[in-house]
Each structure stands twice: as structure tokens, then as C-alpha cells.
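Trainee: All chains, full assembly: derive it from the sequences and hints.
Protein chains in written order, with our numbering: chain E, 1 to 552; chain S, 1001 to 1342.
Calculated directly from the structure, the hints in this document are not laboratory data. From a predicted model like this one, the values you see are computed outputs, not experimental measurements. You may find that some hints are simply not true.
Said to hold, decoys possible - DMTMM-like cross-link-like pairs, simulated, lysine to aspartate or glutamate; straight-line CA separation at most 25 angstroms:
(1) Lys16(E) to Glu1150(S)
(2) Lys56(E) to Glu1196(S)
(3) Lys403(E) to Asp418(E)
(4) Lys16(E) to Asp461(E)
(5) Lys501(E) to Glu447(E)
(6) Lys411(E) to Asp214(E)
(7) Lys409(E) to Glu382(E)
(8) Lys521(E) to Asp472(E)
(9) Lys411(E) to Glu533(E)
(10) Lys303(E) to Asp370(E)
(11) Lys16(E) to Glu1160(S)
(12) Lys16(E) to Asp1227(S)
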Amino acid sequence: MRRFADLYAALDATTKTSLKLAALARYFASAPHEDAAWAVHFLSGWRLTRLVGYRKLAGWAMQQAALSEWLFGECYDSVGDLAETIALVLPPPARQHERGLAETVRERLLPLRGLDDDAARALIVESWDELDEHQRFVFNKLLTGALRVGVSQRLVTRALSLASGVPVDAIAHRLMCAFEPSAAAYRALIDADTEDADQSRPYPFFLASPLEGDPAEQLGERALWQAEWKWDGIRAQLIRRAGATYIWSRGEELVTERFPELDEMARSLSDGSVLDGEIVVWRDDLGGVQPFSEMQRRIGRKKLGKKLLAEVPVALVAYDLLERPRSRGGARGDDLRDVPQRERREALEAVVVAAAHPRLRLSPLVEAPDWPGLAAQRERAEDRGVEGLMLKRLDASYGVGRKRGGWWKWKVAPYTIDAVLTYAQRGSGRRARLYTDYTFGVWRDGELVTIAKAYSGLSDDEIRQVDRFVRDNTLERFGPVRQVKAELVFELAFDSMQRSKRHKSGVAVRFPRIARWRHDKPAAEADSLETIEAMLARREQRAQADADEVGA
Amino acid sequence: MLLVSTELGLYCEAGGFYVDPHGAVERAIITHAHADHARRGSARYLTAAAGEALLRARLGGGVIETLRYGERRRVGDVDVSLHPAGHVLGSSQARLEHRGEVWVVTGDFKRQADPTCAPFEPLAAHTLVIESTFGLPIFRWPAAERAVGEISAWWRACAEAGQTAVLYAYALGKAQRLLASLPRDLGPIYTHGAVERLCAVYRGQLPEHTLPPTQVAVGLARDAKTDGALVIAPPSAHGSPWLRRFGAISTGFASGWMRVRGMRRRRAIDRGFVISDHADWPALLDTVQQSGTERVVVTHGYVEVLARWLREQGREALVARTAFVGEVEEPEGADEADDGAE
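Mentor: This is how it looks when you write it as C-alpha cells:
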């Protein structure tokens, strides 16, 4: 546990990628394989789900530290993190007993699942008693299921490569499989023999970078680029090899069973086909692609009933071909990732045409002779139910991760409204002592109705000013939340909005963020719900007009 | 009440003086020279002899009278004596006795040893006015040697990586305590002008060689080679152009606040070292206990928390409001007011 806690401290102590990489590589090179396996597991964002409730854990810590509830609450308010608060208030350890990370998980964490409260408490207290403060912190983090340490999967991959000598791509490839935290799995991960047989394995996804500003300046000639719609669905890789189908989401999860209609569709593909695309809800009778909220009706479900499958059927909108069937056949095809975009597109078109299946659609190219023409198309993106444009360099290969330059996402300018700050709550982590999480309202009949919550977009200096305002203008406190005087106005930006019965305002906005502080606007002049409803109505009218056009 | 809380701070009517007033008054007893305790403009000051030079360096004007630690003087109707608080050089607790009733104002204090000042002297009191900068159970200091060891290891690692180690510390007190505690064979030490000015005062008061030799960084050429060196600067230097002269740097901050991860990360500093010149939670409780006091008045910091806790233990505990309006809850203790620009 000490070695892993030291790694955590080293990662936490720096924002420099090079230092994080070195610390990770040192860890992987020196840790026992079973510990390293668990470290990969946790650093990849996996968590041990709900071993013990927060309230129980806090209660036991209070008992151990002999603190009353309010005093523990004051501590928590200042620290902003339960795992850390507990580590800081517990009395010093009674003894030292070193166990590895794997042993800690096996003997101290996983058994908690089967224990009643008394036994769970005894086991946790015993663990606390043998760990020093910074080990306790990491232990508590694992216990509460949230080990966030600012390390990307990509960085873990590079560190593993550095420590083992195995190429980065091979590690990335292997990590996309369901990884079991065991010594054997770790050895397989860093196995020097990279000719992996596992046919289910997808390729690492290539991710687009956001384009800001003028494409003419940033990307050069229009003719060098291919443009497509940016679909609002689930990014997926569909693999057809040796008569079997595997669908992977970008979250590196195998989701084949959740999309039976795509599993069926894949039978029309030849072995050795790997497609990259977006899974969307598609209804020909309703004009094609449907809003993402429709998809949400089925993604959470374990069992998909007939009714749901009929109401929200999906299609794969394919936009890249990563593996092409060989003409002489074979379980696997040819890896096309190093082939230029232009040629991959041609190969993709051929594969889609050959499959001739209604659940497999080709992502159409958006035609416009120049950048202004494309910009005009992009303005209409929302009407089409897409998020904007994707720009792909015609001579680019299919990269790994968010390698800049090849793919850009050029999203539509978001909606903006002016809203009033109504409630504030303290942040967590590095903003633990500042009021950084805000709730905003817009006017309806002289009252402010909550329209969105947002906590990004302000500078550190502005955050401090707002924090000061909150402290000086609190009307009422509800636990950690403060209601403040209606005075500050902020321009909020969001990507889209929909009618919602679950929201008091009747409107749900997606990805709200603070665009700027409207010092110039008094609260009374902030937007009203009417304005927002008018925006919504306009949008719906346009969508209807398009549907009529399609129907005609 | 021998002392009452006023707009200008704690006032003693029987003695006709304030303790650490927030503004200009006729007569002020000053516990130590930090800016939030020693304000300019008063007509007469009374402070510990060991702290006179520092106070003079800070105030610029006014009549400064001094008392040796433990020496008694009658001020108005009150017997006043000053006793070591262990906070910084010349810091004191004010002991006030009036018709057999004893009040002790701790001022800022710590119970850890410090090579640059006299150790805290436990005093008995009927009423104890105590600071609470770190009045939460999460604040429990490791031994100072641990922080010094961590700083040394970090300095060595910076030297190996070809970096200059920039250590932020309050210019009055913490900087000198660290200088006196750090090993002397690791490399050259540079100081920010604000730190060096106060080091000069310390050198005049302390035995020779208590502080190691230091060089002021102000004269350094832009391309001077300082890798392997340690630079001690006030926290306000963080992110300023002043740092450019040092090339590749790693930054550290020595403060009790560094015990909390969020406060460390919010400053975007590479390393935090937990070492404080204030009492931690256990030391606050011990000090109350040892004073045998009947009544506690809590000032500066987590006043409500400490007062409520003491009341739960069956003590009478009051809260002395500081001069500020609204809620004062800045994480950076008021010591930071000491950060001078160069």
C-alpha cells in the first residue's frame, strides 16, 4: 500500500505530464505484478462500487477520532472531501503493517461486501490502525470508490510501455479488452509477444480536437478536407471477425448485447470488417436521426422489450473503416489505419454498399465548395439533429487518441441566455473553500425559476469575487448551499435544449457553462422563461418545416 | 470584563490601552510585529524587548517602549507583563492583572520548538484570550523535523534535475525558522528582498550563525545559473515575473495550510510542506487546559468552532469579533499581509 500511496502522492504533487509519466513508469517497473494489475485497474478509472455507505464510514471515523458530528462536519466543510477528512482526523496509527495493494484489496476491501455493519466497521478500523496518514487517504479513496488523480488512460498506457518496452499501441490495444486485475492479466498486458490472437479486440479510437476560430486560418485549403456531420449518438466500433460480432463503445465497454439490431446487421458484413461510427436512433418514418434523449430511453436498460425496440430502433452511421476484409477471405482483415482518409472512405463506401442493410448507413459527406459554404451548412446543424461538423484531413491516417491535426470537430455556436445567480455551493478538491458551484434562474411572473447549474467558465479571480459576494449576500443557508441575493447576472451558454417534465422550468439544457459575467446588466434585465420558450418554439418550427419537406 | 471587544480590537479600560489594535490609538500593546497585529499610527507602543527591532522596522514611527519577558509594569490601573509566545522572534503573550483578576492574551503562538525565538511559556489565567487560526481537528502538525527533512529531500531532487528550488514562506518568522533549521551543505541560498530585510533584523538579535549566509536575489543577472540553489520568497512572489531570473524552477510552500490537499492544489504549487508557527488543534486544547482558565475568549480564525467545542466541554467560551465586516474566512492567515514586494 505504501508504494501505491507514494505513487498517488507523486502524481498529485505535480501537474507536469513528464513527471507523472516518470512516477508511473517507476511504479510499474518496481511493483509486484498483482499490485501493478490493480494499479492499472484503478488508474484507468475503475472503482470498487459502494463497499460501505458514506454516512456509515463518516460515523465510524467520528467514533475513532472522538469527534461529534457537527465538528466532523466543520472539518469536512473545510476539506471538501470525505476520504481526506477522515485521513486527517484519525488518531495516529497504532502499529505498522505493510501489505501490497492487491492484498489490501483482497483482504481489506472486497470482503466488506459480505459483512454486516459491526464486522465491516471492525475491519476498516483495523485497516486504519495500520496505515499512516497518506496511505489512509488513498485507502479511503478506494473505499469510497473515487480515485481521481489526473492521469489519463493514455498516460497509463505510455508508462506501461516505458516500463515494459512493449509498444504503446499494443498496450492500448490490450487495455481496451475487459482487463482483469490479476498478476496473469498484467503479465499478458506487458507480454513482449504483441501478435495478439484475441479477435474481439478493437482498435484505440481516434478522437477529434475541438476547432475554435476560423477554419480557413487554422486548416488551410478547403480542398484538403472532408466534411461530415457530427452525430450526437454513441461512438462505437463494430467488429466482424471469424463469424462473430463485437460492438465496443468509446468507454471501452463491450455493448454488443445492447444493440441486437446491429448484431443482426453485422451478419451482412464479411469477416475482417471493422467499422467506426456512431450509433443513433434512426426512424425513417420520422425523417431519420432522432434526438439523443430518445437513445437515453434504452441505454440504461438491461432488458430491451419489443415495444422499445420498435419505438427507438438504432442504426450505425459509419464513417470509417479500420479493417478491410481480404479478398481471399480469412478471419481477420487488413489494418487500414495507416491508409489515408481518402482511401479509407472509398473502402468504407464499398463495404457499406456491399452490406446493403438498412441499419448500416453511410455518414454522408457535406458538400460545399468553400469554408463560408460549410459554415452556412454548420449553422443549420441543429435543425438536422446533429452537433456540427467534423473535418477530416484527406491525407491523414487513423491516429490513436486525441492526436491533433487529423480530425477536428467544429460544433455549432451554442445558445446563450442571461441568468441570475440564485444559489451557491462550495466546490470540492482545490476549490474546497470557495463557493464555485452555482445555480441560475430566469424570471417567470416576478420569480426566479432555476434554469441551470454550472461551475465552469470563470477565472480564478472572478471566482474569488463571486465567493466574496456569496459570503456577504447570503439570504438563507440550506446545509452546504446558500441562497443569495438576486444581483449577479451571467451569460450562460449551452449546446441544446429540450422540453422536460422533470425540470421545474419545463426546459432541460445540455452542457450549460458560464460564458461571461454580465457586470453591465442588473438582475431585473436578465432573460425570462418566455424568451427561452420562444427559442425552443422556433427550433421546433424549423424542425417541423424540415420534416414536412422530407415528407413532401 | 477587563478587556472588551471593540471596533478597534481588544480594549482595556482599566489600563487605557488596546492589545494589537486594528487602527491608530493612543496606547497599544503589541504581541508581535506581523502586519495584522502591529498597525501603524498609534502614539505609544509597548512590546517585548526581543521584538523591538522588528516592530521598529515595520512601523516607521511612534514611541516604542519595551518590557523584558516577565518584567512587570503598571499601565493605568493594570499590571502588565509580556511572556514568550513562541510564534516569531520577540512575540509575546500579554498578561494583564487587575485587582487580582488575571487575563492572558496569547496573541499568535505555537508550542513547537523554534531556533529563532524563545519557547512558549504556559501561564495561568482567569480568562484566556486565545487565537484559533488552525482551530479544527484536521490541523495536527507533524514534527517540524519532518517538514525540514522533506524540504531537504526536495531541494536535493531539484538540484539533481537541474532546477532551482523556490520555497515560499512568510517573510517574517517562517522564513528565518526554515533558514535556521535547514542543512547548510546542500547548496547556496537566495532570498527575496522582503525576506532578506527581515533576516537582517534577525541577525542583529540572534547569536551569530543562527541563520546561514544568504544572498539577495535582486542583483542576479537574468541568465545567472541558480540551479541547485534554494530561493526563499514570500508567497506573493508566486507567478510573478520576479521568478523569471531562476530559469527552471520547482515551487514549494511551507505552511500549516498545506495540510489540506485542496488548499495546496488551488495554489498550483508543486509541493506543500506542513510546518506552522501557529498552534495546532491539540496544542490549542492543551494550552486552554494548562492555563486552568475559567473563561476563554476565542479570536482570529475558527472562532465559532473552538468556542463551541470548549462550551461542550463545560467551559465558558466567548467569541471576540475581529474588525472585519462579514465573514472572515480566508485560508491564508493574515500573516500573508507580510508579503512585501521587492
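Trainee: Decide, hint by hint, whether the structure agrees.
Mentor: Checked hints:
About 20 angstroms separates the Cα atoms of Lys16(E) and Glu1150(S), which keeps this hinted pair within 25 angstroms; it holds. The hinted pair formed by Lys56(E) and Glu1196(S) fails the criterion: a straight-line CA distance of about 52 angstroms is larger than 25 angstroms. Only pairs whose Cα atoms come within 25 angstroms are accepted, and Lys403(E) paired with Asp418(E) is rejected, the gap being roughly 36 angstroms. Our distance criterion of 25 angstroms between C-alpha atoms is met by Lys16(E) and Asp461(E), whose separation comes to about 23 angstroms.
Simply put, Lys501(E) and Glu447(E) have alpha-carbon atoms about 19 angstroms apart, close enough for the 25 angstroms limit, and the pair holds. Of the pairs offered as hints, the one joining Lys411(E) and Asp214(E) holds, with about 12 angstroms between alpha carbons and a cut-off of 25 angstroms not exceeded. For the suggested pair Lys409(E) and Glu382(E), the alpha carbons sit about 15 angstroms apart, so the restraint of at most 25 angstroms is met. At roughly 20 angstroms between alpha-carbon atoms, Lys521(E) and Asp472(E) fall within 25 angstroms of each other, so this suggested pair holds.
A C-alpha spacing of about 23 angstroms is found between Lys411(E) and Glu533(E), which places the hinted pair at or below 25 angstroms, so the restraint holds. The hinted pair formed by Lys303(E) and Asp370(E) fails the criterion: a straight-line CA distance of about 47 angstroms is larger than 25 angstroms. For the hint pairing Lys16(E) with Glu1160(S), the CA-to-CA distance comes to about 17 angstroms; that is within 25 angstroms, so the pair holds. For the hint pairing Lys16(E) with Asp1227(S), the CA-to-CA distance comes to about 19 angstroms; that is within 25 angstroms, so the pair holds.
Of the hints listed earlier, those the structure fails to meet are numbers 2, 3, 10, in rising order.
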